[in-house]
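> Once you've looked at the hints, dock chain F against the given chain D.
Line by line, the protein sequences give chains D and F. Sequential numbering from 21 applies to the first sequence in my numbering. Sequential numbering from 2 applies to the second sequence in my numbering.
Possibly wrong hints are sitting among the right ones.
Claimed, not checked - In the DSS-like style, the derived pairs of lysine-lysine whose C-alpha atoms are separated by at most 27 Å in a straight line are:
{"#": "1", "chain 1": "D", "residue 1": "LYS207", "chain 2": "F", "residue 2": "LYS209"}
{"#": "2", "chain 1": "F", "residue 1": "LYS331", "chain 2": "F", "residue 2": "LYS260"}
{"#": "3", "chain 1": "D", "residue 1": "LYS206", "chain 2": "F", "residue 2": "LYS209"}
{"#": "4", "chain 1": "F", "residue 1": "LYS47", "chain 2": "F", "residue 2": "LYS260"}
{"#": "5", "chain 1": "D", "residue 1": "LYS206", "chain 2": "F", "residue 2": "LYS258"}
{"#": "6", "chain 1": "D", "residue 1": "LYS206", "chain 2": "F", "residue 2": "LYS42"}
Source of the hints: derived by calculation from the structure; they are not laboratory data.
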Amino acid sequence: MRKVSIVGAGMTRFGEHWETSFRDLIVEAGVKALTDAQMPGQDVQAIFGGCMASSRFIAQEHIGSLIADQVGLKPIPSTRCEAACASGGVALHSGWLAIASGRYDVVVVGGVEKMTEIGTSRAALALGGAGDQEWELFNGASFPSIYALMACRHMHDYGTTEEQMASCAVKNHANAVNNEYAQYRKKITIEQVMNSGYVASPLKLFDCSPLTDGAAAVVLCASEKARKYSDAPVEIFSTSQASGTLSLASRSSFTSIDATRVAARDAFDHARLTPKDVDVAEVHDCFTIAEIMAIEDLGFFKKGEGGKVSEEGRTALNAEISVNTSGGLKACGHPVGATGVKQAVEITWQLRGEAGKRQVNGAEIGLTHNVGGSGGTAVVNLYKRGD
Amino acid sequence: MVTAMFNGVGITGYGTYVPRMRIKIEEIARVWGKDGASLSKSLNIKEKTVAAYDEDSCTLAVEAARVACRNVDASKIGAVFVGSESPPYAVKPSSTVVAEALGSTPNMTAADLEFACKAGTAGIQSALAMVACGMIESGLAIGSDTAQGRPNDVLEFSSGSGAGAILVGKEKVIALVEATYSFSTDTPDFWRRSHAEFPKHAGRFTGKPAYFKHVAGAANRLFQELGTKAEDYDYAVFHQPNGQFPLKVGEQLGFEKEKVLPGMVTPLIGNTYSGATMIALCAVLDVAKPGQRILAVSYGSGAGSDAFSLSVTDEIENARQPVPVFEQIKDKEYVDYALYVKHRRKLKSL
Chain D
21 MRKVSIVGAG MTRFGEHWET SFRDLIVEAG VKALTDAQMP GQDVQAIFGG
71 CMASSRFIAQ EHIGSLIADQ VGLKPIPSTR CEAACASGGV ALHSGWLAIA
121 SGRYDVVVVG GVEKMTEIGT SRAALALGGA GDQEWELFNG ASFPSIYALM
171 ACRHMHDYGT TEEQMASCAV KNHANAVNNE YAQYRKKITI EQVMNSGYVA
221 SPLKLFDCSP LTDGAAAVVL CASEKARKYS DAPVEIFSTS QASGTLSLAS
271 RSSFTSIDAT RVAARDAFDH ARLTPKDVDV AEVHDCFTIA EIMAIEDLGF
321 FKKGEGGKVS EEGRTALNAE ISVNTSGGLK ACGHPVGATG VKQAVEITWQ
371 LRGEAGKRQV NGAEIGLTHN VGGSGGTAVV NLYKRGD
Chain F
2 MVTAMFNGVG ITGYGTYVPR MRIKIEEIAR VWGKDGASLS KSLNIKEKTV
52 AAYDEDSCTL AVEAARVACR NVDASKIGAV FVGSESPPYA VKPSSTVVAE
102 ALGSTPNMTA ADLEFACKAG TAGIQSALAM VACGMIESGL AIGSDTAQGR
152 PNDVLEFSSG SGAGAILVGK EKVIALVEAT YSFSTDTPDF WRRSHAEFPK
202 HAGRFTGKPA YFKHVAGAAN RLFQELGTKA EDYDYAVFHQ PNGQFPLKVG
252 EQLGFEKEKV LPGMVTPLIG NTYSGATMIA LCAVLDVAKP GQRILAVSYG
302 SGAGSDAFSL SVTDEIENAR QPVPVFEQIK DKEYVDYALY VKHRRKLKSL
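Only chain D is shown next, with the shape it has when bound in the complex:
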């Protein structure tokens, strides 16, 4: 397998893009990534795009071709990847394989979602498609309620508190203040989270990631040719994708996501690293409890300690491990199909030392963790500065 590096990265501002269309978001992110790589379009050989529910959000299918056409790269192959909220991560994994296999030298990986065209209740139904329709959604479950069940069990088993969960949101908002691309660049307090009203007890409004419009893109290149485009390529030196059950009821545990654990173990084994080696991580905090479970399942902390360590500030910027420097899904925003790619963009900036006021000092090793649904899919990638 050949080594694969990121030679260009770009994204749109995340937020409510009322005057920008789905295709404009794609073009903006794609052009930014190619411009960052100083790469002419004709060098791109294939596109992989993550997008979860465009048919329900904007009534558009056939996104692969749309992307190739809109960014002016047809007739190269362009493939849409869908794995709910892990669509971006799966697109990245697929793009990586396409280069590692030797088939292509240069691939653009994008992620996009335009979620604010429809109302909140319809958006919630669209997102519900990430769960198990027969066992969960048809019976009245929504995503907040599914993660609320996980939170309840985590509280029961490990004594995790609502304040500890709130501390993840507070930390992620603090990070987003320094991210010009973030949806919410405002500090919040534990009290504000606690008083934000229950969506599904024990999860409150400020425990939940928002509906977001946005797109992100990275240019992947065979590492041996990366220097042609970038003075500071970032190598994805390990990538792993795993599947779990769609429905929560079929799992052996409510407090852990198996797909995350499998993907993480595989990614670390392949890289011959341990979680201790990671300096900066973008983890999938669709809800605050998801971040707590993620930092445990990824091996950064022991199972059950996630809430406590978050409250103690051990995951804050430049603390023990810097988690979600972008602001995470909670504060940077969560355009579902774009999130997995945005995480790679953030880690690229961190490893290049371009993250400004949210820069992790001496960041050498980065990790991204992207989850689909309540854990039906997980993608874990490891990054380091390229040779």
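Positioned in the frame of chain D, the structure of chain F alone reads:
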């Protein structure tokens, strides 16, 4: 639209009607299991008016019109415009009902106007133009609504009832209209389909690309045309869908809070839709002194804003309404959600 100038035409009378019954935001929140205190704070609305079972936007309009026209021969009013989004009839004008009640019929014209919350000021513009061109001597514009909000929708916490009437003419003008400018686009932020009982809205989309874009768009262009700026005005009146938006847009346009507060009625009566800008302007006319200038900007979803630059004359002292808006607001009687449901006909089995 270019800014229109009017030589000597302006407001000659005004009047408002604020229903007596009030319901507190916290009482509505109690029924729906919401945090009333924080909801009330975020909307900056304490309570809202509740029109009685036997009131509708027509009767509200008549009450306001009678005050506005109390000193004039109603038969000389050549036009009556009623702006509302809650007319009792889908087809059959409210304006003729009001004109008949005033005694203005039959040698006159009447029309109902609809442009969400700005139909009242659209009526002012029509009356201004008709007076300016000599078609009529005076014309009456009314904004009146028994505003609808679907139970438990955020609109239920803000939609009130009330009416404001503005008489336009050339004689004994109390506030000269220096200019008016309108800013309109196709922006679907709030709507009610035919036969639908309650309006729908697009959440936060009703803010920046809708209310703020249009209100600021109209105000800034008016400033540009007249060569004025915020400092040149003593009062600023803005449409008030809640108690936050007018303060925020005022700040954006460079107005001190003190210039916006005299017209802030929504925190105490809720958003009276077509009545809102009209009542707010009347509240300012209650206190404005000769020589002072007023900026008034309405907003109607869908979307558009009408901006007016007004200059108050000495005649104001002879034409103030007998009971000022904020005095009318003080006369109140609280009802609970059950009575509110009865009076606003939300009980389906009735």
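> If you test the structure against every hint from before, which numbers come out violated?
none
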